[in-house]
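Student: So the chains spell out like this:
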Amino acid sequence: MEKKSEYVIKQISVFSENRPGRLAAIAEALRKEKINIFAFSIAEANGFGVVRALVNNPERAHETLTDMGFMVSFTDVIAVKMRDEPGGLYETARILGDAGVNIEYSYAYSGKDAAVLVLRVDQAEEAIERILAHGGELLSRSLFS
Amino acid sequence: MRTWDPRIEEMPQDELKKLQYRLLKTLVYRLYSFSPFYHDRMRDEGVHPDDIKSLEDARKLPFMTKRDLRDNYPDRIFTASRDELVRYHVSSGTTGKPTVVGYTSHDLDLWTTSLARSLTACGLGRGDVIQVSYGYGLFTGGLGLHYGAERIGATVVPTSVGNTERQIELMQDLGVTAIACTPSYLIHIGEVAEKMGVSLRNDTDLRVGILGAEPWSAQMRDRIANQLGIRAYDIYGTSELSGPMFCECSEQQGIHIWGDIALTEIVDPDSGEPLESGEKGELVFTILQKEALPMIRYRTGDITSLEVATCACGRTHPRIGRIQGRVDDMLIIRGINVFPSQIEHALLTIPEVGQHFQIVVDRKGALDTLLVRVEVGRDAFSDKITDLMSIKETVAHRLKNTLNVNVGVELVEPGSLPRFEGKAKRVIDRRVL
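Residue numbers (my numbering), protein chains in the order written: chain A, 1 to 145; chain D, 1001 to 1433.
Some hints here could point you the wrong way.
SDA-like cross-link-like pairs, simulated, lysine to any residue; straight-line CA separation at most 25 Å [said to hold, decoys possible]:
hint	chain 1	residue 1	chain 2	residue 2
1	D	Lys1384	A	Ala124
2	D	Lys1425	A	Asn36
3	D	Lys1384	A	Ser106
What follows is a list of derived Cβ distance ranges for each label pair [unchecked claim]:
hint	chain 1	residue 1	chain 2	residue 2	range
4	D	Asn1202	A	Glu6	34 to 44 Å
5	D	Lys1400	A	Gly135	48 to 58 Å
6	A	Pro20	D	Asn1226	30 to 40 Å
7	A	Asn18	D	Ile1332	29 to 39 Å
8	A	Leu143	D	Lys1400	43 to 53 Å
9	A	Gly69	D	Lys1400	55 to 65 Å
10	A	Ala24	D	Glu1279	28 to 38 Å
11	D	Arg1430	A	Arg83	54 to 64 Å
12	A	Asp84	D	Val1432	22 to 32 Å
Derived from the structure by calculation, the hints contain no laboratory data. Just so you know, even glycine gets a beta-carbon here, dropped at the ideal spot from N, CA and C.
For reference, chain D alone in the conformation it holds in the complex:
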């Protein structure tokens, strides 16, 4: 099957916009009437549901942020009663108090439907064996992909994260054709397999990776694709939206955001002003049909751009580009904005070093310093100190050109930097402010 629901996915754009407008209008009226939180928010902003007269008027509505969920922990802004909820997911809370997302059975169905469309767009379906190596539990990745994969008739191997050697054995024994996990975990699986003498390319049926939950670059995709012999698809979602929901199609020209599920905007992270199609800014979502925890103009903190033109695959829904970084991951080094993803991109252009890295930010006197620790590639190891020094200089030079900041570089032994099975934590900030 090429398309899960052609009627929706290939709907003419003007019809899709009408549908979005209808859904938005209904949502805003419902929240204004039944959500004290959002009612007050709109009143403070001087907006009434009657002011929403077109889809573009969505920009009059006040934003929501992760902070709203934290401040109202655990469920004070839910718009469904407790007995209507069928599940909770809880975010890890690494950046503060955890946030709780509740789901009615309609919400779960919507999430699963979204993934059914997305996985079908990556060419998966009945007959595929999908290993779900995202964490199962409070994190949305494991269970989300699990039900999405079952919905399209694929067979699920629910391995969750960890016990990598066993994952590789199962991959061979059960004829796994696709794996869903973070890109860095897939690289780790590849490394472990190599040590076990298993070639994922030759000794398994693996052909597709559904990779996300952390920013990764196009170069990293090429590297994964070339090393493992698979097609690597980017998947996007956050727990506030439900979880992982949206994927690239086989054209791999951006991630399709199903318009009947979400209204997408890109705004300037500082001013909050909407940006034009193609411009890079903060991704903002309105989830149009959720019951338990509707989100209006939710600021994801993710940096990307929006493409509204119909895709070559025939799907009419808008697409977002690769996630370039996070508004809150952004490091300010001597007044210059630095995204860890820029460092990753730069390192991927240097074959002599590995793809794992660590960023150490410190302050010497009044001056911020940036140190990047990177592994020397085994093939690049030379007995000559001058060769190693020149690798180090190449890295420093490339980073300086990319970031416009002087960067210290430390070459470390291969395999010595931490590998991440969940979200990669690559920045160590030692600055005492």
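Next up, chain A with everything else stripped away, as it sits in the complex:
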């Protein structure tokens, strides 16, 4: 069996004030460094937000944004391949629910060959084990570094 840590992916999280142009500044920096964004989401609160993204080179993205003065951190997430058809999300959510794994937040994207669900969970190892045990497919971290 493959090592579970193989499926723990580094997401970058960036603190941003909630005002026009901040996302453009982040995106421009990544474009200049030729860093590709696979998926991203914005979580917003009153006056500020956190931009979360899966990129092809998290280390370089972290360095670039930090140099620009942004506050950046890495967060461990997992990415599950879903069937892109009715019931796809249900399967994954049910496995995690049955295992007592809580989802802190999540976002999804439609990849080239499947829909992908990005998950921040409270017990990553448990989640990986259960998903693999149910024949589910996880994206490996090698795609993102």
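Place chain D on chain A using the hints.
Tutor: This is chain D only, laid out in the frame that chain A set:
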């Protein structure tokens, strides 16, 4: 050298009081006789020099304020003729018309002597290399410290303000041991050095900071001392007195005010009544020996307290506490007095946020609102919104407890708030009254 002039600095207090009384008496007679401005002021108040029979009688004399200098711009209340003046300094005038201070060569000597004593009290002297990063020019900070440092035999690096990267290079190359600047500028230097990969603690000989020209807190001192590995001394002065003049000694239990140079009082900012030793109020100075622009009972607008007991260092002269704020910086929010320094103190107790902040005062309908913008500390950044929200709530809660006013809090990106190289301007008042 431990003490610049032990004969004066360790003079028994009763002798010091006698000396102050003699100097005050001479000053009052001189002004009554030769200054039309102060003569009229005393006459209007019904005070004659003969009424000054003890040092305590100083409180019978009328106050002077910055307004007197403004109203008599540029030099109408000077008591020296123009050809006796050797220098002018001009205050920035951010709060109104600028004020001009003139100096005879005796006045400059007095100023420099005061600083020689003060810098010696901070443990500086021959062999030290002092970087003067206060502005040189019309502002008193740069030139004042410059001559004070030269007087004690230290080597001066007159960098003035700005070009921070160069300042850091010089600090390393010339073996700078002390820096004189505003506390917020030193924090800025520390931040820039870190970006350059220079540790002020490990890569320089810096051991002393002479910091002033803006109010700062004890917590900020600890933070500077811990981060930069130096001893940070508080220095005080205003251009109306000459410039920066008085410093803490190595005991760091207040700023020594040389009694032969200045007579210090603390008064109630509203009534003008003198307050007891230890009570907090407005700082009032009489400069006892100045020729060109003597100041009698000058109301500085600075809030602090006075300690008259002899210091553990052996100096007998009175000390003032940390400047807590300014009478005119005081914000009145829904009838409650708020000092920006209180906000600074409160923020320094919260490690998750930075030390820079901005206060925005506005009025919604009839209600004043107070918004504090503060930077999230890099170490505290969490990907979780709930963590960030809880930082925000902690700040709001702490400020509410300190100020007794509801405060809005805005978390902003680190490095995004303005840094100040001169006096910090942290309040934006949008109220249209």
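Student: Could you run down the list of hints and mark each one as holding or not?
Tutor: A quick look at each hint next to the structure:
1. D/Lys1384 x A/Ala124: 16 Å, holds
2. D/Lys1425 x A/Asn36: 42 Å, violated
3. D/Lys1384 x A/Ser106: 12 Å, holds
4. D/Asn1202 x A/Glu6: 34 to 44 Å: 40 Å, holds
5. D/Lys1400 x A/Gly135: 48 to 58 Å: 54 Å, holds
6. A/Pro20 x D/Asn1226: 30 to 40 Å: Between proline 20 of chain A and asparagine 1226 of chain D, where Cβ atoms are some 38 Å apart, the hint holds.
7. A/Asn18 x D/Ile1332: 29 to 39 Å: Holds, since asparagine 18 of chain A and isoleucine 1332 of chain D (Cβ atoms, about 30 Å apart) stay within the stated range.
8. A/Leu143 x D/Lys1400: 43 to 53 Å: 48 Å, holds
9. A/Gly69 x D/Lys1400: 55 to 65 Å: 30 Å, violated
10. A/Ala24 x D/Glu1279: 28 to 38 Å: 55 Å, violated
11. D/Arg1430 x A/Arg83: 54 to 64 Å: 55 Å, holds
12. A/Asp84 x D/Val1432: 22 to 32 Å: 57 Å, violated
Violation of the numbered hints given earlier is confined to hints 2, 9, 10 and 12; the remaining hints are satisfied by the structure.
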